[in-house]
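Asks: I would like the entire structure built from these sequences, with the hints used as guidance.
Single-letter residue listing:
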Amino acid sequence: MKWVVETTDLSKFYDGIKAVERLNLRIKEGEIYGLLGPNGAGKTTTILMLLGLTEPTSGKALVYGYNSTTEPLKVKRVTGYLPENVGFYEDLTARETLRYIARLNGIPDKRSSSRIDELLKVVGLHEVADWEVGKFSRGMRQRLGIAAVLVKDPKFVILDEPTSGIDPEGARHILELIRKMSREQNITVLLSSHLLYQVQRICDRVGIVSEGHLVAEGSVDQLGRETAGESRAILEVQVEDLKPELLDSIRRIEGVREVSSSADILSIKCDRDLRREISKVIVDSGTLPLQIRSRDYTLEEIYIRYFQRG
Amino acid sequence: MYGLFAVFWKELADNFGSRRFLLLFILICLIGVFTAYLSSQAIMAKPEETPTEFLFLRLFTSYSRSLPSFVSFLSLFAPLLGIIFGFDAINSEHSRGTISLVLSQPLFRDSLINGKFLSGLATIALIFVSILLIVLGLELHMLGILPEGAELSRLAVFFLMSVIYAGFYLSLGILFSVLFRRTTTSALTSIAVWFFFTFFLYMFANVIADYVSPITKEVTEEVILKHTQVQNMIMRISPMTLYGETVNVVLNPSVRTLGLVFPAETRELIPTPLSLSQSLMIVWPQIVTLIALMLICFAISYVVFMKQEIRSV
Chain A
1 MKWVVETTDL SKFYDGIKAV ERLNLRIKEG EIYGLLGPNG AGKTTTILML
51 LGLTEPTSGK ALVYGYNSTT EPLKVKRVTG YLPENVGFYE DLTARETLRY
101 IARLNGIPDK RSSSRIDELL KVVGLHEVAD WEVGKFSRGM RQRLGIAAVL
151 VKDPKFVILD EPTSGIDPEG ARHILELIRK MSREQNITVL LSSHLLYQVQ
201 RICDRVGIVS EGHLVAEGSV DQLGRETAGE SRAILEVQVE DLKPELLDSI
251 RRIEGVREVS SSADILSIKC DRDLRREISK VIVDSGTLPL QIRSRDYTLE
301 EIYIRYFQRG
Chain B
1 MYGLFAVFWK ELADNFGSRR FLLLFILICL IGVFTAYLSS QAIMAKPEET
51 PTEFLFLRLF TSYSRSLPSF VSFLSLFAPL LGIIFGFDAI NSEHSRGTIS
101 LVLSQPLFRD SLINGKFLSG LATIALIFVS ILLIVLGLEL HMLGILPEGA
151 ELSRLAVFFL MSVIYAGFYL SLGILFSVLF RRTTTSALTS IAVWFFFTFF
201 LYMFANVIAD YVSPITKEVT EEVILKHTQV QNMIMRISPM TLYGETVNVV
251 LNPSVRTLGL VFPAETRELI PTPLSLSQSL MIVWPQIVTL IALMLICFAI
301 SYVVFMKQEI RSV
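So the protein sequences, as listed, match chains A and B. Be aware that the first sequence starts at 1, since it is given in UniProt numbering, and climbs by one per residue. Be aware that the second sequence starts at 1, since it is given in UniProt numbering, and climbs by one per residue.
Please keep in mind that the hints were generated in silico from the structure rather than gathered at the bench. Note that the structure is predicted; figures quoted are calculated from it, not measured. Check the hints yourself; a few may be wrong.
Below 20 angstroms or equal to it, Euclidean Cα-Cα: the simulated EDC-like pairs (lysine to aspartate or glutamate) are [stated by the list, open to error]: (1) A:K18 <-> B:E309; (2) A:K2 <-> A:E21; (3) A:K28 <-> A:D204; (4) A:K121 <-> A:E31; (5) A:K135 <-> B:D14; (6) B:K307 <-> A:E71; (7) A:K2 <-> A:E55; (8) A:K110 <-> A:E90; (9) B:K307 <-> A:E55; (10) A:K2 <-> A:E217; (11) A:K280 <-> A:D248; (12) A:K60 <-> A:E71; (13) A:K155 <-> A:D264; (14) A:K74 <-> B:D14; (15) A:K280 <-> A:D241; (16) B:K307 <-> A:D15; (17) A:K60 <-> B:D14; (18) A:K74 <-> A:E55; (19) A:K60 <-> A:E96.
Using C-beta positions, here's what the derived DEER-type ranges look like [stated by the list, open to error]: (20) A:S137 <-> B:R311: 17 to 27 angstroms; (21) A:R172 <-> B:S95: 22 to 32 angstroms; (22) A:S137 <-> B:M203: 52 to 62 angstroms.
If you want the ones that stay clear, here's a sample from chain B, every Cβ over 12 angstroms from chain A, calculated [said to hold, decoys possible]: (23) Y2; (24) L4; (25) V7; (26) I26; (27) E48; (28) S62; (29) S95; (30) G137; (31) L152; (32) A187; (33) T266; (34) R267; (35) V303.
Each residue gets a CB set at the ideal place from its N, CA and C atoms; glycine is no exception.
Replies: Have a look at this one:
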């Protein structure tokens, strides 16, 4: 198996403060990998180390077999990077910006001009190609950023928070663009985000980072099953009159793992579906169940679970 | 190398298209035309009093009525030129968020700072060349004189030294743009340094010279000599003094010494103009120091920039 990204015990400390610690990340060729975590979890630091823009305190990172610290130029030749809150030269037009990026990659204007036209069409900016970037909206800038990443014809693309600060429709468009480019041109993608909901649709695998550690990894389904694995069902029960004794008697039922209550709603985690037994206990205690609902683990719970654990 | 060229040409285009370039270009051209016009008028008014040798060079150094010479104007304004093209070189890339965009491309990190420095130098050189050409044309029109070969080579040295002098302030501006994240801070700090070298150092030099060898009523030649030597030594910290001395010697072939000279030392001298190489011998230390100052300043910003963290947030 050839890994596109392979890090071993990658760590980075800023003045003794941990940003990333012993991170082992592996990304397969052609997949879309989502690096998820709250702000300050170490996502951007990890990305900067992959590109050789920041030196790791210890450990190493390989991209396509090139060491990011000692051979950053080789890494950057095959890797496109879209920074978070990317900035552009305000007085250059979209076309000029892409041409400048192409020149920085050593691509002569003659070769780049047709590719630039094509890319501007792909990201839907061909009609404003000769506007100054200063007039662009946030979503347009982000699309220009994606075009800028693709100018060099990369094999691997890193996108740092590609959808942050963009309205849902714009975000959907950008994610669709990412998926298309990955599938059609067989580009490996690493994208970081704190918006699990948004990006889970297009990620083949996700890794959740919290406080510099990789706390979970796998497909979204897999993570959901892992989270649910501890207890197979959650029941939400609304009762007419909630008494403390009722909680105890529910806890005594065999198979119930955990009971918690807020207002008149009980949240019960159990090994199997115990709706019958629970409603019986409630009726026996002298009150009535108004509503019993079985609930799945949501993405949010996956997220909360791993983030709080880290 | 392609990265360096790409940055160089883009920055050069940016410089030429910028408003600050236009503003300074107009200002310095006006000064050049104005001083050249006035000094040529002074020559035309009393042609018999003006020696005909090196007449063209005289236009740059002579001052007429109340207006200082072109050279002294330039020693005042060339630093501003350098500062204006340097003070936001790196920190504006940080504040626009373009630095990570550029540095994630396959180019060496120093290409960015080298490209910016070289394009700044090129812009300054172009401004100086155009002033020289404008003055040349004006003189051709008004006085009907053409510079001779010896004058041209002296002008070339003058031009080079002016670029290096402005280049020092350019690299100083770049250094502050690397050290400070805010463009206003780096601009103000650069201006403060320029102000110090231009106005305050003279006062400091005086005070210290007075302290080291005070000039009293019964003063001897030695004391005055020492006083001047101390003062000159301190003044030579300033690139402005170095530049002033160099240009003074290079543009005046009759200048043979710098600083105080006893009459006995000059008694046997024959007042003929020096050759360019002889003039350069006099100010060689100044020239080398000025070049070194520029390079040291740039080297520091280079090292700091190479070690700097690149985080957009």
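Asks: For a quick check of understanding: which of the numbered hints are violated here, in increasing order?
Replies: 2, 4, 7, 8, 13, 14, 17, 19, 23, 24, 25, 29
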